[in-house]
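Spelled out from the first residue to the last, the chains are:
Number of protein chains: 2
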Amino acid sequence: MLKSGLDTPVAIVDLDILERNITDMACSTRNIGVHLRPHIKTHKVPEIANKQLEAGAIGITCAKLGEAEVMADTVGVRDIFIANMIVGNDKIRRLLNLAERLRISVGMDSLEVGGPISEAAQKRGLRIRVLIKVDLGLERTGVPYGEPTVDLAKKINKMPGLELAGIYTHEGQVYSAKRSEHLYRLAREAGQKMVQTAKMIRKAGMELDIVSVGATPSARITCRIPGVTETRPGTYVFNDVAQVKLGIAREEDCALTVLATVISVPSRDRAIIDAGTKCLSSDKAAAFGTYGLVKGMPHATLVRAYEEHGVLNIDPSESKIKVGDKLEIIPNHVCPVSNLFDELVGVRNDVVTVTWKVAARGKVR
Amino acid sequence: MLKSGLDTPVAIVDLDILERNITDMACSTRNIGVHLRPHIKTHKVPEIANKQLEAGAIGITCAKLGEAEVMADTVGVRDIFIANMIVGNDKIRRLLNLAERLRISVGMDSLEVGGPISEAAQKRGLRIRVLIKVDLGLERTGVPYGEPTVDLAKKINKMPGLELAGIYTHEGQVYSAKRSEHLYRLAREAGQKMVQTAKMIRKAGMELDIVSVGATPSARITCRIPGVTETRPGTYVFNDVAQVKLGIAREEDCALTVLATVISVPSRDRAIIDAGTKCLSSDKAAAFGTYGLVKGMPHATLVRAYEEHGVLNIDPSESKIKVGDKLEIIPNHVCPVSNLFDELVGVRNDVVTVTWKVAARGKVR
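Chains as they are written, first to last, in this note's numbering: chain A, 1 to 365; chain B, 366 to 730.
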């Protein structure tokens, strides 16, 4: 079937672009000598995780245990880092169950998180690999870099059932960059602070294997700081408007689009499509002023979106849009989009080739 | 199990509040003498649709054929209005399949939409009940009220395979109201314009049974205009911060909350929860300045949200928040939230009573 024959709205993935994005990142990181551990929250599709592993990723990153369980159960991923704080007995039990089956590591930023995991792991005769979450300015989770991280490392290093394996950050502050020099500086600083903190931990007499960073815009910059050992980008598999705006990708590097149909053309300058925020999400809509980019149609702007409707502003002198036309929207932020669909449809040269279940969709726990 | 024992994040529904919201709206509309046809896009749960029907709704409204199919297949809803434009052969075939099984009606705002449905219905020996979509200023789909609607009605009235049953609008412009008098005026105007348009259609010699309006904030106002026959509110089952801000509901009228766990307290004025935009969506975040309301905790503000993290700003003088604490978030806009979860958990007096599958979740086609 041709892409144009698909019923809409539907999330489609251009396989050539996807594979190019995957191999490009794998090559870049291999050339620098840094491990790649992509975050699968962007796609939540086991088959895409597999492509990343086949291209050279050493394992994957997940935000939730439920994502990790799906990836382990379906395509048998053997090395997973849960880049999050695991809190509560139910989740600790599931973490230890995973640790019995595969190589697992987990984030930690306090003794309140660490204590119960240490205790439970000890009871089951397990040692859980821990990466301390370092905050470089995003002010989300994490301990500040430098001394506070060293202090926590000392304590975690002594706790039974835990193994201090490394430190990690998400340098999300790079998304605030206004110019490429600014992005470059923020990314380099992130790598430098992580390496500096790792040196302090080692100087205090502890072993530390992993210095891990992660964010698509900074992936190729942060890695070049000697001492960074691992990177965990997610969005690079698909790219999106946010990456285009940062100068990290171009429209033709965006692999996932939402194919939509024009269902109404109420006036010369307005057309309505059958995809709204339940397909595209509202992410970054306010900051970007639109709900996504209409691919290959610079005269059409997705100015408003309701749950099941998108409103296009059209340049009447350019517009030949009519009811039934199909067009593709590049999402502002692609990660919440795959999470809204049951399936992603893979196309190559506009021919439908494969349908993937978004198997980890909705795995919020 | 107690609510507090649930693993998080989880979407919970207070059944007492839900049932009160459902019966209140049913009573109000019955007292006015207007039919209630709730929009199920808010919950997407067949069992909740059933409660609405048992309370007196004459049928349901859906945005998508997929939602209608689920509601027909699970709890056997027999009267469904698809408040949307059905475009494309696949969808027309599914619409006609539904029409063979149950009482179905559909929106229409152009001959481009009407023509193919007319043709296909005629071929299958069916007549599809049509409501013309009227635009009162929202500028989404629809023809302008008054003469343009009458003109389209004349044409549709002559088309084989179609039966002109009524006109409908979504008076979403009421969400722009800054004060209650403003809301009241916008709602009344919406009802008046619809009734005026219906009179013009009848004066032109056509029969017209249904004059349908729909939006939770205006539901009890628009209905009082003599001549309005039906209302299609959706959000009222749960309510949300948007309704609270409009003065339509109070915090204690909000039935759906997201129960979340504090996973990190990095500083005295900041706590991080395990629910982000993949649970709460980004809807109205920019306009409201937060990502939801922390129930019963006025000193905590959900100032930022990432995919799997919510960042609370805390008043340190009031805060006793610690890792492991659970709290409830009332969503800004509840409709995209149920669509993010596989299940809603019903609680009564804080005891878990029922788990409902969000059976129409992700039915975007």
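Because the hints were derived from the structure by calculation, they are not lab data. Worth double-checking, as some hints may not be accurate.
As the list claims (entries may be wrong) - Some chain A residues near chain B, calculated using beta-carbon distances under 7 Å:
no.	residue
1	S4
2	D7
3	I272
4	G362
To be verified - Below, a list of computed lysine to aspartate or glutamate pairs in the EDC-like style, where the Cα atoms sit at most 20 Å apart:
no.	chain 1	residue 1	chain 2	residue 2
5	B	K722	A	E139
6	A	K357	B	E412
7	A	K326	B	D707
8	B	K687	A	E139
9	B	K687	A	E343
10	B	K691	A	E343
11	A	K322	B	E412
12	B	K368	A	D90
13	B	K722	B	D455
As the list claims (entries may be wrong) - Residues of chain B clear of chain A, computed beta-carbon distances all greater than 10 Å:
no.	residue
14	D574
15	I628
16	K643
17	N704
18	R726
For glycine and all other residues, C-beta sits at the position ideal for the given N, C-alpha and C.
Now the hints, each set against the structure:
1. S4: This hint is violated: S4 (chain A) lies away from chain B, its Cβ roughly 11 Å from the closest one there, beyond 7 Å.
2. D7: holds, 4 Å
3. I272: holds, 5 Å
4. G362: With a closest approach of 5 Å, the G362 (chain A) hint holds.
5. B:K722 with A:E139: Violated, at about 36 Å.
6. A:K357 with B:E412: Between K357 (chain A) and E412 (chain B) the Cα gap is close to 26 Å, so the pair fails against 20 Å, i.e. violated.
7. A:K326 with B:D707: violated, 30 Å
8. B:K687 with A:E139: holds, 17 Å
9. B:K687 with A:E343: Not OK: K687 (chain B) and E343 (chain A) at ~39 Å, beyond 20 Å, violated.
10. B:K691 with A:E343: violated, 33 Å
11. A:K322 with B:E412: violated, 39 Å
12. B:K368 with A:D90: This hinted pair holds, its Cα atoms lying about 14 Å apart.
13. B:K722 with B:D455: At roughly 27 Å apart (the allowed maximum being 20 Å), D455 (chain B) and K722 (chain B) break the hint.
14. D574: Given a closest Cβ separation of 24 Å, the condition holds.
15. I628: Check fails; 4 Å does not lie beyond 10 Å.
16. K643: violated, 6 Å
17. N704: violated, 6 Å
18. R726: It is violated; R726 (chain B) is separated from chain A by about 8 Å at its closest Cβ, not greater than 10 Å.
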